[in-house]
Every structure is written in C-alpha cells, then in structure tokens.
Amino acid sequence: MSARKIAKSKFFFEEDMVESIGEVSDSRREAWDNDAELKVVGKPVPRTDGYDKVSGSAVYTVDKTLPNMAYARTLRSPHPHAKISRIETGKARALPGVLGIISSEDGPDVPWYHGLSRLFDRQVRYAGDEVACVAAETEQIANEALALIDVTYETLPSVVDAGKALKPGAPQLYETGNVMRGKPFQYERGDIEKGFADADVIIAETFTTQVAVHNPLEVHCSLVNWDGDQLLVYDSTQAIYRVRDAIADSLGIPESHIRVIKKYMGGGFGSKLTLGKYTVMAALLAKEIGRPVKIVLDRHEMNLAVGNRPDSVQKLKIGVKKDGVLTALSHESYGAAGAYTSDAGCSWPLRSMYQCDNVKVEEYTVYINAGPGRPMRAPGHVQGTFALDSAMDEAAGKIDMDPLEFRLKNYAEIDQTTDQPYTSKYLREAYMKGAEAIGWKERWRKPGTSAGNLKKGLGMASQIWWGGGAPPAYATLKLNRDGSLRVISGTQDIGTGTYTILAQVASEVLDIPIGKISVILGDTGTCPYAPASGGSMTAPSVTPAVRDAAEQMKAKLISGASAILEVDETALVYSNGVVSLANDPKTSIGIDKILRKMRERVLVTTGARNRNPEGYSINSFGAQFAEVEVDVGTGMVTVLKVVAAHDIGRTLNRQTMENQFHGGIIQGLSFALMEQRLMDSYTGKVLTTNLHDYKLPTVMDAPEIEVIIVSEGDPMISDVGAKGIGEPAIIPTAAAIANAIYNAIGVRIRSLPMTPDKIIRALNA
Amino acid sequence: MNRFEYINPKNLKEASRLLDENRGDAILYSGGTDALDLLKNEVVKADKLINLKAVRGLNRIEYRPGYGLSIGACALVADIAEHPAVAEKYTILAEAAEVVASPQLRNMGTVGGNICQRPRCWYFRGDFHCLRKGGELCYAVDGENRLHCIIGGGPCYIVHPSDIAVALTALDARLTVYAHGKSRDIPIGEFFVLPEEDELHENILKPGEIITRIYVPDISPGTRSGYSKFRERAVWDFAVVSVGTVQHGDGRVSAAFGGVAPVPWTDYELNEGLSDKETRAHAIQNAFRDAEPMEKNGYKVSLVRTLLERQLNRLNG
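Protein chains in written order, with the working numbering: chain V, 503 to 1267; chain L, 2 to 318.
Just so you know, not all the hints are guaranteed correct.
Stretch-level coverage of chain V by chain L, calculated; a stretch enters the list once three of its residues show a Cβ under 8 Å from a Cβ in chain L [claimed, not checked]:
no., segment
1, 1133–1146
2, 1196–1209
3, 1251–1261
These are calculated hints, taken from the structure and not from any lab test. Each residue gets a CB set at the ideal place from its N, CA and C atoms; glycine is no exception.
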C-alpha cells in the first residue's frame, strides 16, 4: 500500500490563502518523464461524455425528475431595502394546487451569510432578497401563488452604488457601516514614498470595471427528496461536499443523512460554489409536504440573486524610471460586495505580477443594496489585470518603450509576496512565443498610427494565478475481472472535461483503454472527498490522486500475481492488463485470472493527492496578445485574433485544454466589450435580467484563437505535474483587448465594458 | 405567465370580433416570438390568445411588375429575406429581414408581428410600472438611457424595435388593416404614433383591427436600396441605430431610421437634402440637428450620421 500521512498544506483558493491539514500520499513517486511521450495523457482524447451531451441524452440537474415531485418558486423582495412587518399567505394557501409555504413567519429560523442574515430575513437588503417560498403541484401554480402572498414592507433608504455608499450620510445596510469588516484591506512592502521619489515618470489613472453576472447556461436548480430521515439532493453545484455540510448545518441533521449528487452541469463559473438558499427552501418544503420538491431559478432570478463579479474603481499609480524599471506601484480601490459578505478586492496582480520593491495597496469592499457577489472565474484578477496591464501600457508609452520589452524589463523572478521561488515559471517563454505568433515585432506600431476608418491595433497583457492544486483529494479505483475500471472521486465535472482527464490518467498507468473506464463523480454518497471545483483546483488536485490509486492497483495486481505464480514481486512486471515475469514474458497471468484466484470480484484502491512542496509558490502564468479592428465611425470593436501563450504545467488533454482557453477568452472578450449588470439607481432594481439586455457574445463575436503551451510537467507540484487552467484563460484577455484598442485609436478607454458609445465619446472628446 | 385560452378563429371576421369583444383581455398571436415573451414576463396580461395563423391565406408573398409587392401579414420574416423578388427589387427589405434576431426567430416571427412588436425598453419590459404600462413616470429620463430615443421622445422615450418597419417606411409601404368585415389601406407613415399622441400604444390599431397585408409600390428602374443595422454584438440583437435608404431611379432619396425615435423615423426635409447631390454632404452633416439626446445616448447622433453617409456611399459606390 502507498505511504500516507496527515500533513499541513497551504494553497490559494479563489484569492484566499487556505491552510489545510489532510491526508496526503507520501509515495514520493517519480513524476512522468517530460521527455517521454505518454500514451494517453496529453493527447486530444475526445470527451467521454461528448456523445451524451451532443445527443441530448445527458441528464443535467435541471432535467432531473422524480415521481410525484412538486415545484417550488421563490417570492423575492421588490424593494432594495425594507423591513417586513407582515406576510399574509392565506390567499395563496387557498389556491388549489398549493402544497406549502415557508417564510420568516412560517418555518425554521436558519442563519445565512455567515450569520449576517437569515434564510428569510425580516430585513431585506436588495431587490431580489428571498421573502417566501411556495411548493405547488406545478411551477405555474407556484408562480400564481407568489402573486397572492401579501407582504407589508416598510421601505428603507437604499444605495446601489459603492461610491455613494462610502459617502457620509449614505443609507446604512448594517449598524457597523457599509465598509465590510469596518476597514480596508491594506498591504505594503518596501517604501512607497521613496519608490515614487525615485521615479522619472509617474502615471496616475483611475480604471473602472462593471458588475458582471455569471449567467451559466444551466440555471441554478435543485431537486430534493426525503426518504425517512435521509435527504437526497440533486444540485447543480461545483461543490457537492460543501453543499452537503452546509445543508447539515442549516437543517441541523447529520452529514451522513445527506447525499448530494451532481452529474452533468451547464456551467457555474464560481456562482455554484456555495449552498444556495433555494436548496434549503426546497428541503424544508419537501419535508413539510412529504414529496420530492424541485426548484429551478429563472433567468431573471439568475441575474439578481446568485452572485456576480463585484465592480471596481481602481486608482493606480505607477512610478517608473526612464530605463523602464518600476520603482513603485500603488493601488487604491473600492468595489461593491452587494448586500452580504463578498470580496471586491482586486490588487493581487499588482502585488505579484511584476518586479517592484515598493508596493502599497488599500482596498475597500462596500455593502450596497444589490445582490451579493460571489467568486467569478478568477475573482479579482480579471478586474485587477485590466487596470494593472492598462496602466503598464500607459507607463511604457510615457517612456517610449515597447510594451512587451517593458514587461520583460520588470520580470519577477520570485514571488515577491512571500519571497519564495516558484516551482516553475515559463512566462518569458510565453511572452516570446506569443509575440512571435501574433507578429508583434513586425506588426506592432505606434498607437493611433493606423490609417482609415477601420483601425487595427495590437495589445498584450500578462497573467498570474494559482491553481497548483492541493490535498486532500482522493480517488477510488475499482477494477473488475473483465479488465474494466471504474474511477470514483468526489470532485465534479462542471463542464470542463474532468470525466475525460481522470479516465486518461488511469488509462495511462494501467493500459486500460478509455472505452473500458467509467468515471463516477459528484456523489457524496459514494465518492471519496475531493475539493470544490473552483480556483482552477480540480485537475491539479485530483489527477495525482487517480495516478496514486492506479499505481496502487498496478502494485496490487503484481502482488496478486506473485502469490498465485509463487514468484517474488520484484521479478514481475505489469503491462496491458497482464502481469508477467520480467525475464520470461511467457509466464504471465491476466487480470481475469488474478481476480478469480483471489476470489475478489472487484479490486479496490484509493489514492490521495501528495502534499505541496514547502518553501515554494505554485503559480500559473501566461501572456495574451490581441489584435483588434476599431471602426472609428461607429465605435465598434472587432477582436480579430487572440494568441494565448501559457505556462500550465503538463497538458492533460490537448482538446479539452483548448476548449477551456476558448471559453475563457470568449468570456474575457465579453467582459471587455459587452457584459454589464445595470441597475436603476432610483428604484434599486436590476435592469439587465434577460440575455438580451445582459449581453453575452455569440459565436459570430468570437475571434480566431491560437493557444500555445510553453510548459511541460512541473514535477515539484505532483507526479502528474499539471496546473489548473480554468481561470488563467480569462485573466489577461480584457487588458490585452483594451491595450489593442488604444494601439488602434490612440485613445485610452479606462472603463469596462468598452462599448461603442464609450469609444465614440472618447474619440470625440 | 397567466393562464390563457388559445383560440383558433375560423376566419378574419371571427378573429377581429374576438379581439374586439375581449378588449384588453385578448391579444393576437402569430409567430409568438414577442407575444409569449410579453406574457411570460408579465408585461401584458391576456386571457385569450387569438391565433392568426389559423386564418388561411395570410402568408403569401407576391410580386407583380408594374404593381408592386404584396406581403401577407403572416409571412415569415425568413421568407421575406429569402424571397427572390424581394432580394432583387427591394434590397432594403431583404437586408432588413436578414438581420432580424436569429435564424430560429426569423423562422417563427411574422412580418405583421414584427411591425407590431412592443418596445424593448428595459423599464417597459422589466418590473417597472412605467408610463407605457399606464404608470406615471418614464424611468429612462433620469435612468439608464443609453439605448433610448434621441428624437420624437416625450413623455416616453422608447425606440421602435422593428427593422422591417424601417425598411417599409423608406419604401413608402401601405398597410391593409381589417376590422369587422372591412379593410382599409393606410400609409405606413400614418400607422405609428409618437408618445406625445399616445403613450400606451405604438400604433393606431384599435381593438379588433388586424394588419392583413403590406403593400409596397413597384420600384422604378435604377432604384438602389439598402439597410444598415448597427448593433452591439454581431448577431441576435436589436438595432442601436439603423438606417434604410431607397435611392429611386430619378435620384430621389428616401431614408428611414431605427433606434433613434419611438417610431420608424423619417424626415422629409432631410430626404430632400439627400436627394440633391449638391446638398447631400451638408444634409448628412446636419441630419438629426434637432435631436435632443439624453444623458447617455448622445453618441447616437454621430452614429446615425456615419451610418447614413456610409449607406449612401454604398448605394453609389
């Protein structure tokens, strides 16, 4: 058996440093040789769930049904800030087909948002806050019942803009004020005053980014059912174990009584990393009415109540010497948390991306009367990189230096936030290869020198993120007599290809064809623990656990063969489902025979993720280069091409990896040019609650994308050597596009999204 | 969405009678691409949906030289875009139909419905009891008005969302309106109404009145026409600003605009200026001179001039 121990690991999850103590594999196995070509890992293996998804036979949570199920719908506050004085449900209850109603007047009092609020609070703090929930025979009846619930509100003054919420006299969401934690986050290294004094040139500009909403294709939904005191929950979630534990806390029932299942998912982007109120409401109603309850949010609710990327107002100041050396970086910002705990900080890229001795950060997260934020694909980094890499571009322009050269000049060799070296960093290579692919040297021209109505420009930006993975993460393998294998892990495939890459790793070790491997994920009832699918954690955390389990399986087969053949284990080798004598391959025994002799119908192993190396930082890096065309008559920006050159450790699957980059870059383009949640400041309501008004790009808006990988397996991370890529893909896109726009038109747009009206206005200014 | 009755009328007369008898409670249903959206989002309430597709013969598209083009109100938007005679003679109309929404919506939506679709204003479509829904306030005035009108507004500031109506306006189309056994023809320019006249409706249709046919006069030899739509994403979007121009054989220019006003906008004085090559450049530069932009939609003035200039260059290039 593999060596195990409990160890402490540190890692970053969605911008937060996490210290976890957990069981780790201590096998100290050699990493796969970077010079050797692997048989399956790294290859463009088609998604194992591709047929199900393309044919429509894949059952997503939203498709799931149970016999006799009822439907629940939620009543939400129409007011941005109010006290509820009375909830009258008599008329709604009298509606035929209504089965149950819960609210603050009917149902248990469940703490929510870290105790800041309740499942049903008597004080509602945003238009969309949950007030009551109705179960009925049909969704239609439930909706009709909502209209019959009579709520008396005493409206309170509200504020939906973080800047206004910071001003004296602004309406207060909490007695402790509108600044989360009562004070800003601060960070400082070196001597900022001296840094600016040493600078030849200082750039000071304000950059703003909008609130973006995750809007995954599959809406948030749950289907729950009680079997006695056992609760079964189908949930569209990125984190089955978090959901399970949070339900247990909310309902006060044992975790062992709850089984959370998620098979296929139509995206989450971070909005599905926490337990939703809707799941608990469904569970309470299901208990009350003794029937399964399904609750599905509509697109309107999706744009109100399930998270967003907080906005930001970032004042950046950069000090630079004439030769291009950065002397000081300062970042002052604020952003809206929404009505409940969230984090609007976005200074990580500034603290870590470029070499700079003198750095100062002060950032405020502000409560406003709007839906609370949640991590959204590289939280903080997307906003922060837009500002930082735009400002870097401006600084390069001021000292008349090529923007790429300027970045190379300030290349950070170590992690300045911890003074630790990186396990690997191939950003220089990413700059070079990316520049070559876009034709930077030959094609980059002075800003604003493109002629005609359609002006072309090139821009680039850098990326840093974590995503090295961490323990604890486990995978169980079950090998059958026919040589078919099952891989089981409590991770979840959120649409990224986890099913496929886990099968690939097992296949690589055990020579079992992908077609004979089935992967079961996303079931707390059957799967060993694995982390939430966020923070670009999944591939780097779970694939080493699968490899560990597979290597154990191989050892087990050899051990079994050794007992059967009565030869020493060291004399045996495993290959292609057969254990044979190393020096006499004719003496061999296959999986089928080994299992029959062992009288086991299934061989089971469980592998664990190794610990992370101490004294090193694990980060992923990359550079994106964008080419745009700007119509100066209309302000329309067309992104022609994006080259994404990244350091991602080992590539696990060329095809799903490219898919991830395509998705991230298109989402980044969308953030740069289209998406924004707009609120009416007078009424405090969201205006963009459908996918016409909340604009997402179509395939016609997508640019040509070229993905270049400059890295190979990083043996210091794990014996698989992969870094996560879900978030890195989106981080530099908006900044690269913004810089390309500036390069095209010679006018800087410092506010996202860079819609045509802003461009026209800037050109006419 | 409220419960409703779905009624298949036997003929126009019955459809008209049902609409009239159920004033305020019945709406006409044809492609459903807007009607269902309005019901689902509770922008309108209706107990009865009168399915106009049940009435036969309303989907013909016919072109006769010397007479012109006749389009049944239930003809699909996609059919207009693909009709050979439309593409050949009425480029503006084909181009407008081609850029409506998405292929799925064009294959469901009908021409009559497209002309009668309700505005896309996010206040009107959202949870706001605004002027157009019988409320007391146009929230766009002090609110998010980046996409609202720059001319013809007040007290409500919607823009008319139809691409096809803009093309038909430039083509001087006539609409046949049926009610209670009688039909009448009206010029499209008299069909749409400004909010100052009626803030609740976008057109003059009274309960029981149904558009059955659109007639477009034949074009003179040498006529060139085109439609340009500016939208914020490449496909599946309403116009921020659109321009349709018809340059007749005799040089006379007729331009109509979408995205700028509560109705498909046309300006006779501007058309005169555009018709004379000597004054054209000046006319373009001064187009929408009397626009009254709001806080966030001023860019539309320069945008519409750019599109107009390009459109005319395209027709003459």
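Evaluation of the provided hints:
Coverage of the segment 1133–1146 of chain V by chain L holds. Counting CB-CB distances below 8 Å, 4 residues qualify, and the rule asks for three or more. With 5 residues bearing a CB less than 8 Å from a CB of chain L, the segment 1196–1209 of chain V meets the requirement of three and the coverage assertion stands. Here the segment 1251–1261 of chain V counts 3 residues with a CB under 8 Å from a CB of chain L, which clears the bar of 3, and the coverage holds.
This entry satisfies every hint, going by the numbered hints stated previously.
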